[in-house]
Amino acid sequence: MIRALWLKKIWRGRSKGVSSVIGTVFLILVVFAISTNVFLWTISQSATYNQAVKDANQKNADKLNENIVTSNVTYTVPLPNKVKVDVKLANTGSVSGQVINLWVFDTTIQRYGFNNTISSLNLNMNPGDVLYLAGSNGIIVTIEGASSTDNFVGWFVTARGNTIALQVEQSVIIANLAQGIGSIALDFYAFRYYTYNGSKLVNYPAGTSSFNVPSRTDVAFGIVLTNLDPSKQTITLSSYSQLWIYFPKAPGQSYVWYIVDVAPDGNVIPYSSVTIAYTQTKMLVFASSEVGGFIKISIGSAVENLPCALNLLLLGTIGTRDYGQNIPFVSLYIYKP
Amino acid sequence: MCRRILRFLSDKRALSDVMSATMLAGTVVTLSLVVFAWSQNMSSNYNYQFSQSVGVEVDRLKEKLVFEYVYYTSAPKSVSVYLLNCGTIDNVGVLSVYVSNSSWLQSFSSPSLKFLNGTTISDQDLDRGEEGYIVLSLSTSLKDNAYYSIRIVTVRGATFDSSFVA
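Line order of the protein sequences matches chains V and F.
What the first sequence shows, in the numbering used here, is residues 36 to 372, in sequence order.
What the second sequence shows, in the numbering used here, is residues 2 to 167, in sequence order.
Chain V extracted, bound-state conformation:
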């Protein structure tokens, strides 16, 4: 109606006030267009900012939920200036994690080192994953001047920026040391003996896990030892290290097997040298009746169907000092095959 009157007014030539109407309309249009533009733009920017805040919060939540724990941590120095860290990693959190760096600080000499190339070990862990980084998979960190007697602390860094302290457990429980004696522990359950095929040990390295050993057959023995020296030093065994059995019911009857080396295919070769680093476990083979050589030996028929005691007589060096240890407590029964 108003519009019709306005048009009629113009048609009749009475155009007073038309400009103000047009101006007002334009003004309203301008204000509406500009305010809408600014409002919508502000809304979109606000949404962008809110999204960024959400993303940051999500990252923080993921970081808080990341929970990788360590256990069974041991520090050894197998080579000069090289600290080896054996550790068990478990992702007990609800998000996956990636370990990217390992830091080790030698508190004794106040030096530190890191290994940020461990991503090559593919330390990406889904929830529930467990990784054992021990033995050949242990992580090496270079620290100038580090030695096995030093004290260490360490921590992992994850890609989310969390740090995971290495939880060192009691490194040596004295009762574990071969029932409280010496620096080397013998694993009774891993005891085994071997028979021969030529100069090759049959079924090496598994052998025959038994405490019943045949007589009148050339045999050798496999003994698994772990270095648990409280001073964390490396033990080097000499060629005089031997395995000795003796028979309470047959006085004077005893047999000795000297330590030997064994090739991966089971071939026995004369002994050269064996070193056992702290916490390292190695299987040693005793096969020769001759020191530093290789002559097979069998148990005679005179002691058939008799039990005997087995002792391990270890000689060598521990660190820079002489070392000697007698590990007893294994019993064997010699049966007639």
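None of these hints come from the bench; they were simulated from the model.
There could be a bad hint or two in this list.
[Stated by the list, open to error] DMTMM-like cross-link-like pairs, simulated, lysine to aspartate or glutamate; straight-line CA separation at most 20 Å: (1) F:Lys63 - V:Asp97; (2) F:Lys63 - V:Asp90; (3) V:Lys371 - V:Glu339; (4) V:Lys94 - F:Glu131; (5) V:Lys235 - V:Asp296.
With chain V held as given, fit chain F onto it using these hints.
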């Protein structure tokens, strides 16, 4: 026909009213368009500045530096700060660093960033997932076993704090 046209052209009745109305309307429309263009320009400038500031804030939110390790040595007097960019944005540069305790402060501007292997980072910033370190040479020795704070201000203006025991 020609006479009619000439009569139409020579007829001046009510012409001034139409002209004035047209001119006024034209002026109003022109002014309105000018005002609209000016307002549009002003609002565009405002939008641009606002989006710039929002962008800066968003980038700052995406920045995340963590301190992998902070180590003080008394000889030479320096603090080594090992950093990891675990944020979601590249090009995180260190603008300034402050080492302080309750009674002392030393600032460092644009310290040299290096990779963990010791080589200098060419663009002097940390991209996502990159690790680097800075060495801050102190003017004075720090007290043994005293607690110190360290603050890093990035080029985008984000701040990250940590602490260490000398």
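Would the hint linking F:Lys63 and V:Asp97 be met if the CA-CA limit is 20 Å? holds, 15 Å
Can the restraint linking V:Lys371 and V:Glu339 be considered satisfied, given a maximum Cα separation of 20 Å? This hinted pair holds, its Cα atoms lying about 6 Å apart.
V:Lys235 and V:Asp296: Cα distance at most 20 Å? holds, 12 Å
Check the hint pairing V:Lys94 with F:Glu131 against an upper bound of 20 Å on the C-alpha distance. holds, 17 Å
Going straight from one Cα to the other, do F:Lys63 and V:Asp90 come out at no more than 20 Å? Since the Cα atoms of F:Lys63 and V:Asp90 sit roughly 8 Å apart, the hinted pair holds (cutoff 20 Å).
The structure shown violates none of the earlier numbered hints.
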